[in-house]
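Protein sequences, first through last, are from chains A and B.
Okay, so the first sequence: first residue is -13 according to this note's numbering, each after it adds one.
Okay, so the second sequence: first residue is -13 according to this note's numbering, each after it adds one.
Note that these hints are calculated values from the structure, not bench results.
Heads up, a few of these hints could be off.
When chains are identical, the list treats them as one kind, so a pair holds in a single copy or across two.
Stated by the list, open to error - In the DSS-like style, the derived pairs of lysine-lysine whose C-alpha atoms are separated by at most 27 Å in a straight line are:
| hint | residue 1 | residue 2 |
| --- | --- | --- |
| 1 | Lys140 | Lys60 |
| 2 | Lys13 | Lys111 |
| 3 | Lys10 | Lys111 |
| 4 | Lys10 | Lys40 |
| 5 | Lys60 | Lys2 |
| 6 | Lys75 | Lys115 |
There are 2 protein chains.
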Amino acid sequence: MNSFDFYSPTYFVFGKDREQDAGKYVKKFGGSRVLLIYGGKSAVKSGLIDRITKSLDAEGIGTVLLGGVMPNPKSSLVYGGIETARREKVDFLLAVGGGSVIDTAKAIAMGAVYDGDFWDFFSGKSPEKALPIGTVLTIAASGSEGSANAIITKDETLEKNAAEADCIRPVFSIMNPALTESLPPYQTACGVTDIISHAFERYFTVTPNVETTDRMLEGVVLAMLHEGVRVMENPHDYDARANIMWAGMVCHNDIMGVGRAQDWNSHHLEHVLSAVYDIAHGAGLAVIMPAWMEYCIEHTDGTRFVQMATRIFGCQMDFDDPKSTARAGVEAFRNFLRKIGMPLTFAEIGADPKDIPRLVEMNNIGDGVTGGYVGLDKQAHFDIYEIAAGLK
Amino acid sequence: MNSFDFYSPTYFVFGKDREQDAGKYVKKFGGSRVLLIYGGKSAVKSGLIDRITKSLDAEGIGTVLLGGVMPNPKSSLVYGGIETARREKVDFLLAVGGGSVIDTAKAIAMGAVYDGDFWDFFSGKSPEKALPIGTVLTIAASGSEGSANAIITKDETLEKNAAEADCIRPVFSIMNPALTESLPPYQTACGVTDIISHAFERYFTVTPNVETTDRMLEGVVLAMLHEGVRVMENPHDYDARANIMWAGMVCHNDIMGVGRAQDWNSHHLEHVLSAVYDIAHGAGLAVIMPAWMEYCIEHTDGTRFVQMATRIFGCQMDFDDPKSTARAGVEAFRNFLRKIGMPLTFAEIGADPKDIPRLVEMNNIGDGVTGGYVGLDKQAHFDIYEIAAGLK
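Construct all of the structure, not just a fragment, from the sequences and the given hints.
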């Protein structure tokens, strides 16, 4: 096991109706004037924004609204948000929404107290500080409510870059599973897929002897296979929503990712898909991740995928041909994704195989290799997109 | 799933040699004068205390030493420590050791800034504040390095009471698995048993539909079954030590215990054993927990134990007689405990069956019932001790 630091100081407030205490928690964590960031009209229509604004009013906390965050959130909105945060002299950011809203808040939090361009932090620079962030989570998927990470897309180039810093971990996150009940089935399934992918990106590691986190990761994926089906059968199953919501957090606050090399190649391969075709990140992952697995099985001894197949998907071990067991695991994964309504092919997400050279170019790896369980060069990127496009 | 709050703000520093930075972390978290609390002579002899003192010196941090903490730590030492902490005007407590040392530090931390008797906090009162605590962990078992809990034994009555408060969560914990390599095999196995018991006390719940934490708990126990055997085969297996150490933390910081009723009856039944016979807590648990399981199987439909048996211990489901599957799970658990050298009976820990009425009396439940997966009245306490004593 590798050495590591782990720090997850977010205060989690989990359960029905708990967003009614948003004001109380903003106050507890030192906020007196809030930029409330949210996404589309549904948060307003449902009365959620109104309820939260009232709870802020009740604590004497001033509120400035910033709506309109879209999936795959853009840098332009961040620049606007930074300006608003400064002009309005807010001292706290409250993100009400899913990963896109929270990531936008994180970018604004860093940018508002920085003299340069916030994009610096999405180009490798570490921030020294950030405004404190609280969240009211309405979509279980990204894990951003408990993570040190954010992803923003640059408007001009569609570059999708990530930032990571402990200072952007939310100081509190309110998680009411009932708020996710109004999410359409497709978006719910995309969230489940994203959560599983966050487990798998950690699971496929070159670090040996990491049994404790291996087993925990397997456990969460097993739970998602069960709860994912349950929530599709009944969108108002509160407990299924609750299990998925907590899994979303633990899969990305890194408590199961410490001490082990991680992969993230499926995420990199996916990011250009959702940027170019404007699809949900989870849908892109459903197309890419099994394709990536198939590629890796053929370019390794396949052991890790055999472990996945037998421990998670209950496949019988074929001792004469272990790779057939590994492939059966990928098939079982695809069957699950299909069952919850996810796309599996380029065609199903409206992606054109002719775009593959462009997609590879956008990944911007030159003559290098993107590290992970299997290092991927340009040709490997081609191959994986071609598998996903059904060309291989 | 139940509503909950979860807050685990400890900064974890994990890996080889990392105790050399103890001074740096004390400084980072605001300490300028430290009460360094430790246990027996081995910490001194091994040079560990010296290394840590030097790292404190290097940061200009004054150090006052308080050694002599014993297993099942006593209130007398806490009173002495509180006096020393006040007299020496320390502003930070550094616990170097295992659960006993850390729990002593937690009790001192609350008592040093409180006008009344620190025992109030072990009798139900909530503390308002505590001195900050850092730890350098040398035994993987209690999870106290990341938990909000402490247990202290009152000298006069041998009462073993618990306190719980977020303000006694360590601000940092340094976890170097190599420091546990010098631990004797028996103590190592006691630690593994304690860790598994912390998972099981959470696992056996009356709360339905808690699949995510169920599966994570099963995962950690599965890992301990594997790593527990590995570490007994080779005490210098760093990775086995590392897996066990991280498992010890995650099993007790409560990330897998949230949203579900917990049990803790095995701990209550055990505490009087270790108090009366002065045995290791883990050894007492190895005797009590399987006996408690057998009792519960006969007094419920056994479903949870069938789940344990099939998912954790790989038992085949007997659909005609599910309870036989449940019992096979307990047998497999005992086989594991035996394999790592744990005692399983009253005789093996020097406990006299004639003491059972006294043990039950010490549990002090009167005509009540101790809550949990199965509520236990006085007779149930008798029965479980008798199972453990081989009388049933």
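Okay, the hints, checked on the actual structure:
Within a single copy, lysine 140 and lysine 60 get their C-alpha atoms as close as 6 Å, which meets the 27 Å cut-off; across copies the closest is 60 Å, which misses it. Taking the closest pair of Cα atoms, lysine 13 and lysine 111 come within 27 Å of each other only across two copies (25 Å); inside a single copy the shortest separation is 31 Å, beyond that limit. For the homomeric pair lysine 10 and lysine 111, the shortest alpha-carbon distance between copies (24 Å) is at most 27 Å, but the shortest distance inside one copy (34 Å) is not. For the identical chains of this complex, lysine 10 and lysine 40 are intra-copy neighbours only, at 11 Å inside a copy versus 44 Å across copies, given an alpha-carbon limit of 27 Å.
In this assembly of identical chains, the alpha carbons of lysine 60 and lysine 2 never lie at most 27 Å apart, being 31 Å within a copy and 42 Å across copies at closest. With identical chains, the CA atoms of lysine 75 and lysine 115 are at most 27 Å apart within one copy only, with a shortest distance of 16 Å there and 32 Å across copies.
Hint violations for this structure: number 5 only, all remaining hints satisfied.
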